[in-house]
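Start from the sequences, fold in the hints, and give me the full structure.
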Amino acid sequence: MHTQTAIKIILCSIVVAGLCACVPPATHAQNGLFTVRPAIIDEKAKARDMLAESLTLANATDRTLLVYASVANVAMKDGAQEFLDPSQADYASSLANWIEISRGVIELAPREEKKIDALIRVNLRARPGMYHAVILFHEGPTREQAESNANGTVSVAVNVEVAEIVKEYVSLREFAPQAPFFFGFPVRFVSRLENRGDRAIVPHGEIRLYDRRGHEMATIPVNAEGKELAIHETKTFEQQWQADNGFGRYTAQLALEYGSAQTKTLQGDALFWVIPWKGVAIAFGILTAAIAGFMRALHRHYEKRILHARKRHPVIDLRK
Numbered sequence: 002m003h004t005q006t007a008i009k010i011i012l013c014s015i016v017v018a019g020l021c022a023c024v025p026p027a028t029h030a031q032n033g034l035f036t037v038r039p040a041i042i043d044e045k046a047k048a049r050d051m052l053a054e055s056l057t058l059a060n061a062t063d064r065t066l067l068v069y070a071s072v073a074n075v076a077m078k079d080g081a082q083e084f085l086d087p088s089q090a091d092y093a094s095s096l097a098n099w100i101e102i103s104r105g106v107i108e109l110a111p112r113e114e115k116k117i118d119a120l121i122r123v124n125l126r127a128r129p130g131m132y133h134a135v136i137l138f139h140e141g142p143t144r145e146q147a148e149s150n151a152n153g154t155v156s157v158a159v160n161v162e163v164a165e166i167v168k169e170y171v172s173l174r175e176f177a178p179q180a181p182f183f184f185g186f187p188v189r190f191v192s193r194l195e196n197r198g199d200r201a202i203v204p205h206g207e208i209r210l211y212d213r214r215g216h217e218m219a220t221i222p223v224n225a226e227g228k229e230l231a232i233h234e235t236k237t238f239e240q241q242w243q244a245d246n247g248f249g250r251y252t253a254q255l256a257l258e259y260g261s262a263q264t265k266t267l268q269g270d271a272l273f274w275v276i277p278w279k280g281v282a283i284a285f286g287i288l289t290a291a292i293a294g295f296m297r298a299l300h301r302h303y304e305k306r307i308l309h310a311r312k313r314h315p316v317i318d319l320r321k
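Residue numbers (my numbering): 2 to 321.
These are calculated hints, taken from the structure and not from any lab test. Keep in mind it's a predicted model, so treat the numbers as computed, not measured. Heads up, some of the hints might be wrong.
To be verified - Pairs of lysine-lysine, DSSO-like flavour, derived with a Cα cap of 27 Å: (1) 236 x 47; (2) 47 x 265; (3) 265 x 168; (4) 265 x 236; (5) 228 x 265; (6) 236 x 168; (7) 45 x 265; (8) 45 x 168; (9) 45 x 116; (10) 228 x 168.
Claimed, not checked - Taking CB as the label site, the calculated pair distances span: (11) 219 x 283: 41 to 49 Å; (12) 62 x 261: 47 to 55 Å; (13) 49 x 195: 23 to 31 Å; (14) 239 x 128: 36 to 44 Å; (15) 256 x 89: 19 to 27 Å; (16) 62 x 105: 16 to 24 Å; (17) 229 x 89: 38 to 46 Å; (18) 308 x 283: 34 to 42 Å.
Quick reminder that beta carbons are idealized off the backbone N, C-alpha and C, glycines included.
Dropping the structure here:
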């Protein structure tokens, strides 16, 4: 009987709120005996979050009031509002069951204001979506009489939007040049990425190239085409560096970004050498010619020393 009365009270409160939707919302709820502020609590949260709230009750009379709190779920069904008993609701989808507020008597002295703390513990199994409930404050000498006192009830609307938990995680499995040595251009790079999250990802970024002195030589875009990396997919991205000339050791630095909810980064670096074959051939020819010239000079030097020694110390033929 008392539950049905409480539901009727909630219905009346929501209907009144609906009729007043065309005017600016009030900052507090009232019934002539006492007021409660704020009149509406709007929050955004994720599963497992805890939201601390504070409500202020103000006695508008010159007598002591006894107030009791209760909660109820509000759901939409076929365009109409349906009110659910928290004791019969699934905890994962019952905002009323997430709300913790003192159920003991709240005593308000004449003209007194009192703060009441409330805590919203979002269920760990809560699914993404919008949840609605009301906190009801009933005035009366006992809880039973208070809950049956429609004129002495003030309601506070509670709306909580549970956001979807998105897991976006990409692993850089490999970043390297296709070979440690290149004997000409182009120089090719391989980036292998694995999507280990639960959302498709479009990574993008660049490779910066530096010579052995630290001077930036080139910037190469990565995934400029916007290729998508599907869930649990591993994909290889290939880039190349084309230049007119180059020689020596270089450093390649990879920097990638991804993520829609929050921007995340991936970094990698690698070393490689560019030794053009024409330069190698010329260097080899010069080195070969230098070695041959050195050997000829060394041979002539020793021949001269031998001739000089023979002149200074002629050989005596003992057979004569």
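Hints, verified against the model:
no., hint, in the structure
1, 236 x 47, "violated, 32 Å"
2, 47 x 265, "holds, 20 Å"
3, 265 x 168, "holds, 12 Å"
4, 265 x 236, "holds, 18 Å"
5, 228 x 265, "holds, 17 Å"
6, 236 x 168, "holds, 19 Å"
7, 45 x 265, "holds, 23 Å"
8, 45 x 168, "holds, 18 Å"
9, 45 x 116, "holds, 23 Å"
10, 228 x 168, "holds, 19 Å"
11, 219 x 283: 41 to 49 Å, "violated, 25 Å"
12, 62 x 261: 47 to 55 Å, "holds, 54 Å"
13, 49 x 195: 23 to 31 Å, "holds, 28 Å"
14, 239 x 128: 36 to 44 Å, "holds, 41 Å"
15, 256 x 89: 19 to 27 Å, "violated, 55 Å"
16, 62 x 105: 16 to 24 Å, "holds, 21 Å"
17, 229 x 89: 38 to 46 Å, "holds, 44 Å"
18, 308 x 283: 34 to 42 Å, "holds, 38 Å"
In summary, the structure is inconsistent with hints 1, 11, 15 from the numbered list given earlier, while agreeing with the others.
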